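Novice: Each chain, letter by letter, is given below.
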Amino acid sequence: MDVRFTKSGNTAILTVSGRLDTLTAPDFESGVCGWIEQGEDHIVLDFADLEYISSAGLRSVLVAAKQLRQKGGRLSCCSMSGVVRKVFDVSGFSKMVEIHDSVDDAVSAG
Amino acid sequence: MHTLTIAAAVENWPRARDFITDCTSLLPLSGDRAHEIYLAVEEAFVNICTHAYPRPNGHERVEIRCNADEHNKRISITLIDSGLPFDPVSAPGPDTTSDIYGRPVGGLGIHLIKEVTDELSYTRENEANRLTMTFKAR
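From first to last, the protein sequence lines are chains C and P.
So that you can map any letter, position 36 of the first sequence is 36 in this note's numbering, and since no number is skipped, the others follow by simple counting.
So that you can map any letter, position 105 of the second sequence is 105 in this note's numbering, and since no number is skipped, the others follow by simple counting.
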C-alpha cells in the first residue's frame with residue numbers, strides 16, 4: 001500500500017495504491033490523520049489504483065471522515081472499481097461518504 | 001484438500017493469503033472474484049485472531065483447509081480454531097443505513113463475508129469452531 005500526496009488548490013488528493021487490509025490500514029489511517037492535523041480540510045481519496053479493501057480499510061476511511069467532519073472539513077472518495085466499489089456498496093459506505101467518478105469531479109465538487 | 005496451520009496472529013494474514021492463492025491457482029477466477037475470496041478469508045481470520053482467544057498463551061492456532069474443485073468450479077475454505085464458541089452465521093448484521101456519526105467503527109467483517117460467499121456454514125465440534133465458506137468460481 002502506498003499513498004501519494006498532491007495538492008490541487010485547497011484540496012489534498014491522496015492517491016492510494018495496492019491493498020488496504022488489516023496490515024496496511026493502520027499506516028494509511030495515521031498518514032491521513034496526520035494530514036488532517038496539519039490543517040488539510042478537504043481531502044480526496046483517489047482509489048483508482050487501489051486493488052483491494054477489507055473492513056479494516058473501511059474502518060480507517062470512517063475514522064478519517066469523522067475526524068474531518070468534526071473540524072468542519074470534507075472527505076470524498078473517487079475512481080473506485082471492482083471489489084473496492086462492491087465493498088463500499090454492500091457496507092452502506094457509498095451512501096455515507098461522498099463518492100465521485102473521477103478526481104476532477106471530486107475536486108470541482110468542493 | 002490443502003491444509004495450513006498457523007499461529008492466530010494478524011501478522012500471518014499474508015501467509016494465509018498466499019496459501020489461498022496457491023490452492024486456487026488452477027481454477028478460472030477473475031481478479032475481482034479472487035479479491036472477494038481473500039476478503040472473506042481475511043475477515044474470518046482476523047476475527048479469530050482478535051476475538052477467539054481472550055487470554056492468549058502463545059499457542060493459539062488457526063487451521064485453514066482449502067478444497068478447489070476444478071470439475072464443479074467451486075472453492076471451499078474452512079477455518080478451524082479452538083477459541084471461544086462463536087457462530088458468525090447467526091450473528092446479527094450491522095446497521096448499514098445509519099449515517100456517519102451513528103455508525104460504530106468496525107463490525108462489518110461478518111456482513112462482508114455473507115455478501116461474497118455462495119454458502120456459509122458453522123459448526124462447533126470437539127470444542128472447535130469450524131466456519132466453512134463456499135465460493136463459485138467466476
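Hints in this document: simulated from the structure, not taken from any laboratory.
Where hints are given, some of them may not hold.
[Claimed, not checked] Listed next, with one range per pair, are the computed distances between beta-carbon atoms:
{"id": "1", "chain 1": "P", "residue 1": "Asn57", "chain 2": "C", "residue 2": "Gly34", "range": "56 to 66 angstroms"}
{"id": "2", "chain 1": "P", "residue 1": "His71", "chain 2": "C", "residue 2": "Asp41", "range": "30 to 40 angstroms"}
{"id": "3", "chain 1": "P", "residue 1": "Thr97", "chain 2": "C", "residue 2": "Arg4", "range": "11 to 21 angstroms"}
{"id": "4", "chain 1": "C", "residue 1": "Ala48", "chain 2": "P", "residue 2": "Thr96", "range": "17 to 27 angstroms"}
{"id": "5", "chain 1": "C", "residue 1": "Gly39", "chain 2": "P", "residue 2": "His71", "range": "50 to 60 angstroms"}
{"id": "6", "chain 1": "C", "residue 1": "Asp49", "chain 2": "P", "residue 2": "Asp18", "range": "13 to 23 angstroms"}
{"id": "7", "chain 1": "C", "residue 1": "Asp27", "chain 2": "P", "residue 2": "His2", "range": "47 to 57 angstroms"}
{"id": "8", "chain 1": "C", "residue 1": "Lys66", "chain 2": "P", "residue 2": "Pro56", "range": "52 to 62 angstroms"}
{"id": "9", "chain 1": "C", "residue 1": "Val90", "chain 2": "P", "residue 2": "Asp87", "range": "41 to 51 angstroms"}
{"id": "10", "chain 1": "P", "residue 1": "Asn57", "chain 2": "C", "residue 2": "Asp41", "range": "27 to 37 angstroms"}
{"id": "11", "chain 1": "P", "residue 1": "Arg138", "chain 2": "C", "residue 2": "Phe5", "range": "32 to 42 angstroms"}
{"id": "12", "chain 1": "P", "residue 1": "Lys136", "chain 2": "C", "residue 2": "Gly39", "range": "45 to 55 angstroms"}
{"id": "13", "chain 1": "P", "residue 1": "Arg138", "chain 2": "C", "residue 2": "Gly9", "range": "38 to 48 angstroms"}
{"id": "14", "chain 1": "C", "residue 1": "Gly9", "chain 2": "P", "residue 2": "Pro56", "range": "22 to 32 angstroms"}
All values derive from a computational prediction rather than experimental measurement.
In this text, a Cβ means the ideal position worked out from N, Cα and C, and glycines have one as well.
Novice: Next step is simple, just say for each hint if it's right about the structure.
Specialist: Results for each hint:
Against the hinted window of 56 to 66 angstroms, the Cβ-Cβ separation of Asn57/P and Gly34/C comes to about 36 angstroms, which falls outside the hint. Our hint of 30 to 40 angstroms for His71/P and Asp41/C is violated, since their Cβ atoms are close to 56 angstroms apart. Checking the proposed 11 to 21 angstroms range against Thr97/P and Arg4/C shows it is violated: the Cβ atoms sit about 33 angstroms from each other. Between Ala48/C and Thr96/P the Cβ separation comes to about 25 angstroms, which falls inside the hinted range of 17 to 27 angstroms.
The hinted range of 50 to 60 angstroms is satisfied by Gly39/C and His71/P, whose Cβ atoms lie roughly 59 angstroms apart. Against the hinted window of 13 to 23 angstroms, the Cβ-Cβ separation of Asp49/C and Asp18/P comes to about 22 angstroms, which satisfies the hint. Evaluation of the 47 to 57 angstroms hint for Asp27/C and His2/P yields a failure: the beta carbon distance comes to about 31 angstroms. Against the hinted window of 52 to 62 angstroms, the Cβ-Cβ separation of Lys66/C and Pro56/P comes to about 31 angstroms, which falls outside the hint.
Remark: the range hint 41 to 51 angstroms for Val90/C to Asp87/P is contradicted by a beta-carbon distance near 21 angstroms. Between Asn57/P and Asp41/C the CB atoms are about 47 angstroms apart, so this pair departs from the stated range of 27 to 37 angstroms. Between Arg138/P and Phe5/C the Cβ separation comes to about 37 angstroms, which falls inside the hinted range of 32 to 42 angstroms. One distance hint, 45 to 55 angstroms for the beta-carbon pair Lys136/P and Gly39/C, holds here, with the actual separation near 49 angstroms.
Against the hinted window of 38 to 48 angstroms, the Cβ-Cβ separation of Arg138/P and Gly9/C comes to about 43 angstroms, which satisfies the hint. In this structure, Gly9/C and Pro56/P break the distance hint of 22 to 32 angstroms, their C-beta atoms being roughly 49 angstroms apart.
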